[in-house]
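K.L.:
Sequence:
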Amino acid sequence: MKTRVITGILLAAFFVPPFVVGSWYLMAILLLLSVVATYELFQMYNVQRPLPKVVLISELLMSAIMYWSVSGYFMFQYALEWAFMGVALVLVIGSLLMVFVDEFDGHAVGDMLMSVLYPSIAFGAIYGLRDYSVHNIGFLFMITISTDVFAYIVGIRYGKHRLAIKISPKKSIEGSIGGAVFAVLFTMLYLWGFGVENVGAITINWWSSILLILVISSLGQIGDLVASKMKRSVGIKDFSNIFPGHGGVMDRFDSVLFAGLIVMIISQVVTLL
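For the sequence shown, the working numbering assigns the number 812 to the initial residue and increments by one for each residue that follows.
Bear in mind the hints are in silico, worked out from the structure with no lab data behind them.
One should not assume that every hint holds.
Claimed, not checked - What follows is a set of in silico ranges between Cβ atoms, one per label pair, in the way DEER data are often shown:
| hint | residue 1 | residue 2 | range |
| --- | --- | --- | --- |
| 1 | N1052 | L1000 | 33 to 41 Å |
| 2 | P828 | R968 | 29 to 37 Å |
| 3 | K1048 | G1004 | 34 to 42 Å |
| 4 | K981 | I820 | 18 to 26 Å |
| 5 | S906 | W1003 | 48 to 56 Å |
Since the model is a prediction, treat every value here as computed from it, not as a measurement.
Idealized CB from N, CA, C, for every residue including glycine.
Model the full structure from these sequences, guided by the hints.
P.N.:
This is the structure we're talking about:
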């Protein structure tokens, strides 16, 4: 527990300033996280189907390209063609791997797409939310952290009914509901304290804020379950041990990545309406 707390403090000290400052500083940090997350996912899939290093190097390159395409769209107001170019390059590199690497079969293609596209697009979306306002990131992290902490506390004390026993046996329905309720409480205090009126392109009021918080809390918990199922499928506890007591990038950011990605999708849809 002591190691976990110390690591948590160091993580906050390292990651909070980039989110506050934004711009190139944050873009570089999220690029690094995206590439590391891709590495973790590659290593996870590599347990069952070992692949040569050229595939790893290619996936790290594709992750960087895809992240740059998504985040660059927000930072530089690139046309949508830039994002399309990123996807096209990923497909081209993946096709070349299928031709020239014998071990790179149909299963490896699916693993590659998940390893590359999920973290790169999700971290790019998080950058996009920060591009709207620093409070969007505060809003997102307040929800996911409150949900995680209080789902654990409430689950330990009152949890009786399993939420997804085949994926994560320790999670309970009571904990899930408790996490969402406390997420509403603390996030509403955050919104009120800072006078936040928009999340991305979404204009919020009292009731829509509560609804959005509940949706994001639920999405964050789904993201947690997605990551848990990935790990359970290959029999590992953590994606890596880069953060002592917390696991890897995917362990630490699983809820935020999934929730942030969906929030950005909703925000972009609202922009188009």
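K.L.:
Given the hint of 33 to 41 Å, check if N1052 and L1000 actually sit that far apart at their C-beta atoms.
P.N.:
holds, 34 Å
K.L.:
Please test the hint of 18 to 26 Å on the beta carbon pair from K981 and I820.
P.N.:
The hint (18 to 26 Å, Cβ to Cβ) holds, given that K981 and I820 are roughly 25 Å apart.
K.L.:
If I claimed the Cβ atoms of P828 and R968 lie 29 to 37 Å apart, would that claim hold in this structure?
P.N.:
Cβ of P828 to Cβ of R968: about 35 Å, so the range 29 to 37 Å holds.
K.L.:
Please test the hint of 48 to 56 Å on the beta carbon pair from S906 and W1003.
P.N.:
Between S906 and W1003, where Cβ atoms are some 51 Å apart, the hint holds.
K.L.:
May I ask you to test the hint 34 to 42 Å on the CB atoms belonging to K1048 and G1004?
P.N.:
holds, 37 Å
The earlier numbered hints are all upheld by this structure, with none contradicted.
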